[in-house]
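Student: Sequence:
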Amino acid sequence: MNILKEFLTDDKCSYLQNKHQTTYYKVIEECSTQECQDFIERGYRRFGKMFFRPICSTCDECKSVKIDVDNFEFSKSQRRVIKKASHIKSYIQRPTLSRAHLKLFEKYHISMKDKKGWEYSQSTPEAYYGSFVDAHNDFGYEVLYYDEDKLIGVDLIDILNDGISSIYFYYDPDYIKYSLGKLSLYNQILLAKKYKKKWIYLGYYVKECPSLSYKSHYKPYLTLQGKPEINQDYKWI
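full-length UniProt numbering numbers the first residue of the sequence shown as 1 and each following residue consecutively.
Check before you lean on any hint, since a few could be wrong.
Capping the alpha-carbon separation at 25 Å, the derived lysine-lysine pairs in DSS-like fashion look like this [said to hold, decoys possible]: (1) K107 x K76; (2) K12 x K227; (3) K63 x K26; (4) K150 x K89; (5) K76 x K150; (6) K49 x K63.
Hints are computed from structural coordinates only; laboratory data are not their basis.
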């Protein structure tokens with residue numbers, strides 16, 4: 001593992017109104033699967049070469065959570081989502097960048113800006129590549145969702161030694177009736193069960209943030225305690 005640089009940012013909170021967020025970043029070249037897992041298990045997230053986590057001194061609302069795959073059982077309503085979307089095909093491969101990716105990414109974020117008030121400016125091929133394609137190494141993948149030959153969803157994930165880290169999912173808002181966000185997570189769970197992975201690392205649960213509060217619905221799940229350093233033991237309960 002080669003740490004290129006480390007730095008802090010202090011910006012408006014991404015999750016809660018009227019709060020600031022201090023985020024700690026490590027930029028890492030050629031990270032191994034085990035090294036990536038070591039960071040994820042300690043509450044970091046990965047976008048490209050950047051591993052980061054909030055370290056706010058006055059707020060502890062961001063909780064790292066992971067689904068217990070072995071003990072997760074699909075409800076009837078969750079199975080209905082899978083059945084309803086049975087005509088939608090998915091393919092897993094290494095992360096890529098295409099015009100279809102960028103077009104869908106733009107369409108999704110414009111929709112979220114109008115629907116939920118997300119801040120968004122047009123992405124560039126360089127920015128997308130840096131966040132979702134670069135530094136996937138041996139563990140990064142994308143799951144592509146198609147309706148016939150039309151790309152309608154992209155799920156970015158890391159497949160680690162003991163689980164799957166859910167990075168980012170975006171989709172065509174015209175297909176909202178198929179609950180593609182839920183479908184992508186259900187397929188992650190099915191993939192983890194197939195390959196005997198124990199956990200789905202969901203990133204941050206923030207109770208008062210509508211975009212993240214849904215994560216508490218997927219039980220059983222565990223929550224990381226504190227903010228352990230990379231050389232410290234960690235505990236999930």
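Student: All hints are to be evaluated individually against the structure, with a verdict given for each.
Tutor: Right, here's what the structure says about each hint:
no.: 1; hint: K107 x K76; result: violated, 31 Å
no.: 2; hint: K12 x K227; result: holds, 21 Å
no.: 3; hint: K63 x K26; result: holds, 20 Å
no.: 4; hint: K150 x K89; result: holds, 10 Å
no.: 5; hint: K76 x K150; result: violated, 29 Å
no.: 6; hint: K49 x K63; result: holds, 22 Å
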